[in-house]
Amino acid sequence: MSELAWIDGALAAARPQAMAALLRYFRDLDTAEEAFQEASLRALRNWPEKGPPRDPAAWLIFVGRNAALDGVRRKARETPLPQEVLISDLEDAEADLVERLDGADYRDDVLRLLFICCHPDLPATQQIALALRIVCGLSVAEIARAFLVGESAMEQRITRAKAKVAKAGAPFEAPGAVERAERLAAVAAMIYLLFNEGYSASGGEAPLRGGLCDEAIRLGRLLLRLFPAEAEIMGLTALMLLQHARAQARFDADGAIILMEDQDRTHWNGRMIAEGLALIDKAIRHRQPGPYQIQAAIAALHARAPRPEDTDWPQIAGLYQALEHHMPSPVVTLNRAVAVAKTQGPQAALELIDPLAERLAAYFHFHGVRGAMLLELGRSAEAREAFDRAIALARTPAEAAHIRQHIDRLQAEAAPS
Amino acid sequence: MLYAILCYHSEAIVGGWSKAQDDAVMEKLDVVHQKLAAQGRLGPVARLLPTSAATTLRKDSDPPLVLDGPFAETKEQLLGFYIVDCDDLDQALEIARELGRANPGGAYELRPIGVYHSSALPADAGQ
Numbered sequence: 007m008s009e010l011a012w013i014d015g016a017l018a019a020a021r022p023q024a025m026a027a028l029l030r031y032f033r034d035l036d037t038a039e040e041a042f043q044e045a046s047l048r049a050l051r052n053w054p055e056k057g058p059p060r061d062p063a064a065w066l067i068f069v070g071r072n073a074a075l076d077g078v079r080r081k082a083r084e085t086p087l088p089q090e091v092l093i094s095d096l097e098d099a100e101a102d103l104v105e106r107l108d109g110a111d112y113r114d115d116v117l118r119l120l121f122i123c124c125h126p127d128l129p130a131t132q133q134i135a136l137a138l139r140i141v142c143g144l145s146v147a148e149i150a151r152a153f154l155v156g157e158s159a160m161e162q163r164i165t166r167a168k169a170k171v172a173k174a175g176a177p178f179e180a181p182g183a184v185e186r187a188e189r190l191a192a193v194a195a196m197i198y199l200l201f202n203e204g205y206s207a208s209g210g211e212a213p214l215r216g217g218l219c220d221e222a223i224r225l226g227r228l229l230l231r232l233f234p235a236e237a238e239i240m241g242l243t244a245l246m247l248l249q250h251a252r253a254q255a256r257f258d259a260d261g262a263i264i265l266m267e268d269q270d271r272t273h274w275n276g277r278m279i280a281e282g283l284a285l286i287d288k289a290i291r292h293r294q295p296g297p298y299q300i301q302a303a304i305a306a307l308h309a310r311a312p313r314p315e316d317t318d319w320p321q322i323a324g325l326y327q328a329l330e331h332h333m334p335s336p337v338v339t340l341n342r343a344v345a346v347a348k349t350q351g352p353q354a355a356l357e358l359i360d361p362l363a364e365r366l367a368a369y370f371h372f373h374g375v376r377g378a379m380l381l382e383l384g385r386s387a388e389a390r391e392a393f394d395r396a397i398a399l400a401r402t403p404a405e406a407a408h409i410r411q412h413i414d415r416l417q418a419e420a421a422p423s
Numbered sequence: 004m005l006y007a008i009l010c011y012h013s014e015a016i017v018g019g020w021s022k023a024q025d026d027a028v029m030e031k032l033d034v035v036h037q038k039l040a041a042q043g044r045l046g047p048v049a050r051l052l053p054t055s056a057a058t059t060l061r062k063d064s065d066p067p068l069v070l071d072g073p074f075a076e077t078k079e080q081l082l083g084f085y086i087v088d089c090d091d092l093d094q095a096l097e098i099a100r101e102l103g104r105a106n107p108g109g110a111y112e113l114r115p116i117g118v119y120h121s122s123a124l125p126a127d128a129g130q
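Quick note, the sequences are listed as chains A and B, same order.
Counting from 7, one number per residue, gives the positions in the first sequence under this note's numbering.
Counting from 4, one number per residue, gives the positions in the second sequence under this note's numbering.
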C-alpha cells in the first residue's frame, strides 16, 4: 500500500476522535472542521518525512487546536506566527496530551459529536447527511451521490443542518448516566437509519449506496469500542452485520430482489456473519433484551441455517412476539405473521394479518404478504387484488418486478391452455 | 524451531480498507502463504475479527469474571494461544473456564476468527 493511502487511512480512522475533541475545545462545528482539515494538511506534509506519530488522533487534535488558535490570534493581531514553533515543541506536548486523553474523555466526546448530528429538529435525512460529513468525513459529493441528489442540493442541506445545530447549542457539560443512555439510544437510532438508507437501495442503486451500510457498521464498531458493555449497541452492530452479510445475494444480475429463501447462501459473507453471531452471543449474556438484540437474534437464526428449510421458524415467531412487546408496531406483527405462516400455515397467518389492514393500507409489504398467503390458500381472485394494490405501492422497480412475477404466474394459471 | 508471528496494526485503519483494498492485501499475502505451505513451513493461519467482538475471561478471581471487550491490561504479556471450534460464545467460555481451572491467574481473551487456514506442517513439527 502506498504511503499516501496509509496516511489517508490513518486520517479517516482518527477522524471521529479528533473531530470530537476539537469540537469540545472550540464548541463550534465549523471551527472544529477547519482545524481538523488544517491538521490533516499538515499531516500530509509532516508524516511522510518524520514517520507516523504514535497516536495519530492525539497528533491531529494537538496540531488542529494550535492551528485554529493560531488562526484566531492571527486574525486578532494581523501578524502571522511562525508555524515551525508550533511543530517543534510538539513531541513533549503530544506525550502529555495522550495521557490526558484517556478512554472516558474520548468516549463522551465521540458520543457528543454523534449526538449533535441527531438533533430532534433535524429531519432523518439531514441527521444522516450531517453524520456522514462530520463524523465519517465523506465529501459532500460522495454524500450527494449516495442520496441520489445533486451536489449543491446536498451542500445546502448540510449547511442548513449545521446552522440548526449551532442555533440549538450543543450540550457540552459531561453527561450523567441517564443522559448518556439517552444519547446512546438516539445515536443508535441514527446509525440504523443510516444503515437502512443503504440497505433499502434497489439492485441498480446498490453499488452507489451500499457504502452507507459500511459506514454505519464502522460507526457501530466505534461505539462498541467506546462502550464495550452496552448490549443494545452489540445488538445493533450484530443486526447490521448479519443483514449486510447477505448483500451479495440479495439481487440478481438485472437488479431484481431475490427473496431470502431463494438466495445462494454461499454468497453470504461468512466473516460478517461470524462477527455478528459473536456479538449477539455477547449481548444475550447480559439478559437485557432490547429491539436491536431481538432483531439481531432473528437475523442470526436465518444466518445459522445452512438451507432455508433448516430455519428455526418457531423460534423466529417467538422472537417477533417478543419484539412486538418491546416495540409494538403493525409492521412487526406482519413479520410475525410471515413466521407463523411457516409454522402454522397461511390461514393462521392471515388471521394475524387481516386486523392490520387499516393501519397498513398504504404499506407495500402488507399487500405483498397478504397476496402470497391468499395465493397459498388458493384464493386467486383475492390474491390478484392484493398484488395489484402492492404493485401500485411499490417504491422501487425491484419491488414492482417482484410482485409482477406473482401476477404473471396467476395470469398464466388463469389463461385457458 | 516453531515461531509464532503475531500481527499488529491499527484496527480502525485496517477496518477502514475498502473491500478491494482488503482483497488486494489478502491476495498478496496468499502468494507468500502458498510458497511457505509448499515448503512445509506454514502452520495454521488465522485472521481475527475486530476487538469489538471480543470477550475477556479474567481468571485471577474465583469464579472467573467475564468482561466485554478485548484484553486491555498492559502489565501482562501474551504467552500463548489456543484455537477451539465452538457452537457459540458460551461453549468457548466453558472451555476457557476449564483451562482456567487448570491454570488460574491472568486472563483469556476470546476472539472469533474470521479467516482460518489449517496447518501445512508435518504432524511431528516442533518436536
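Keep in mind that the hints were calculated from the coordinates and are not lab data.
Warning: the hint list may mix true and false statements.
What the hints assert, rightly or not - Selected chain B positions facing chain A (in silico; Cβ < 7 angstroms):
#: 1; residue: A7
#: 2; residue: L9
#: 3; residue: G19
#: 4; residue: A49
#: 5; residue: L52
#: 6; residue: T58
#: 7; residue: P67
#: 8; residue: D88
#: 9; residue: D91
#: 10; residue: L92
#: 11; residue: P115
What the hints assert, rightly or not - Below, in silico cross-link-like pairs of lysine-lysine (DSBU-like), each with a Cα-Cα straight-line distance of 35 angstroms or less:
#: 12; chain 1: B; residue 1: K38; chain 2: B; residue 2: K62
#: 13; chain 1: A; residue 1: K56; chain 2: B; residue 2: K31
#: 14; chain 1: B; residue 1: K22; chain 2: A; residue 2: K56
#: 15; chain 1: A; residue 1: K56; chain 2: B; residue 2: K78
#: 16; chain 1: B; residue 1: K78; chain 2: B; residue 2: K62
The beta-carbon is built from N, C-alpha and C at its ideal position, and this holds for glycine as well.
Sort out which numbered hints this structure fails and list those numbers smallest first.
-> 1, 2, 4, 7, 8 and 12
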